[in-house]
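Colleague: Those letters in the sequence shown? Residues 1 to 155, by this note's numbering.
Careful, some of the hints might be misleading.
Restraint-style ranges between C-beta atoms, simulated for each label pair [to be verified]: (1) E8 to Y61: 22 to 32 Å; (2) P65 to A138: 45 to 55 Å; (3) V121 to R57: 35 to 45 Å; (4) V21 to H146: 19 to 29 Å; (5) V121 to D53: 46 to 56 Å; (6) E8 to A142: 21 to 31 Å; (7) Q145 to V68: 23 to 33 Å; (8) R57 to A96: 45 to 55 Å; (9) E8 to Q135: 24 to 34 Å; (10) W116 to G81: 47 to 57 Å; (11) Q145 to A58: 20 to 30 Å; (12) Q145 to M1: 11 to 21 Å; (13) V121 to R20: 42 to 52 Å; (14) G81 to S56: 34 to 44 Å.
DSSO-like cross-link-like pairs, simulated, lysine-lysine; straight-line CA separation at most 27 Å [as the list claims (entries may be wrong)]: (15) K124 to K9; (16) K46 to K83; (17) K36 to K105; (18) K105 to K124; (19) K124 to K83; (20) K83 to K17; (21) K105 to K83; (22) K105 to K11; (23) K49 to K9; (24) K46 to K9; (25) K105 to K46; (26) K11 to K36; (27) K11 to K49; (28) K49 to K124; (29) K105 to K49; (30) K11 to K46; (31) K36 to K49; (32) K36 to K46; (33) K105 to K128.
Rather than coming from a laboratory, the hints here were simulated on the basis of the structure. Using N, Cα and C, we set each Cβ at its ideal position, and we do this for glycine too.
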Amino acid sequence: MSVEASREKFKTSLTQKGLRVTSQRLAIFEAAFARKEHFTAEQLLKHAKAIDDSVSRATVYRTLPLMVESHVLREVDIGSGEKFYLPDTGANTQVAQVVCVDCDKIFEISAPFMEWYGSTVSLKLGLKPVSQRLQVSAQCMAFRQHDRCPNHAKN
């Protein structure tokens, strides 16, 4: 799904919930869709404020669930207590996440076997799968050898 289509989807979702489409919410949307990697709410706040300095922390934290509910953002929980987000382009729903335990960077790789696996194990139990995820925690070999993780990006 294109950024324009996602923007319209988000605006429609807000309207259907009886919420206003504000410049702050749109700045948060634009900041989220400018990101190429997973981000936290605090990282999003910094980038949204650069677009519209009237964006507040509270608005970011209230808008993120609205964006997830409208299926324009995906929420990723890596078990660190902090949630990460990524624009939901609908491009590939069968992904595995590999999380670097040294820097919390999240890598997503195509995992087409997941649909088969989820269906197979669910059907054996007489169930129908509705969602699934595969998440691997991994150590950075370079960090172990050189005390520096090359995947750690400055946000």
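Colleague: Take the hints in turn and mark each one as holding or not.
Modeller: How the hints compare with the structure:
no.	hint	result
1	E8 to Y61: 22 to 32 Å	holds (24 Å)
2	P65 to A138: 45 to 55 Å	violated (29 Å)
3	V121 to R57: 35 to 45 Å	holds (41 Å)
4	V21 to H146: 19 to 29 Å	violated (48 Å)
5	V121 to D53: 46 to 56 Å	holds (50 Å)
6	E8 to A142: 21 to 31 Å	violated (42 Å)
7	Q145 to V68: 23 to 33 Å	violated (38 Å)
8	R57 to A96: 45 to 55 Å	violated (32 Å)
9	E8 to Q135: 24 to 34 Å	holds (31 Å)
10	W116 to G81: 47 to 57 Å	violated (33 Å)
11	Q145 to A58: 20 to 30 Å	violated (43 Å)
12	Q145 to M1: 11 to 21 Å	violated (41 Å)
13	V121 to R20: 42 to 52 Å	holds (44 Å)
14	G81 to S56: 34 to 44 Å	violated (22 Å)
15	K124 to K9	violated (37 Å)
16	K46 to K83	holds (16 Å)
17	K36 to K105	holds (12 Å)
18	K105 to K124	violated (35 Å)
19	K124 to K83	violated (33 Å)
20	K83 to K17	holds (24 Å)
21	K105 to K83	holds (12 Å)
22	K105 to K11	violated (30 Å)
23	K49 to K9	holds (23 Å)
24	K46 to K9	holds (24 Å)
25	K105 to K46	holds (18 Å)
26	K11 to K36	holds (22 Å)
27	K11 to K49	holds (20 Å)
28	K49 to K124	violated (50 Å)
29	K105 to K49	holds (23 Å)
30	K11 to K46	holds (22 Å)
31	K36 to K49	holds (18 Å)
32	K36 to K46	holds (15 Å)
33	K105 to K128	violated (32 Å)
Violation of the numbered hints given earlier is confined to hints 2, 4, 6, 7, 8, 10, 11, 12, 14, 15, 18, 19, 22, 28, 33; the remaining hints are satisfied by the structure.
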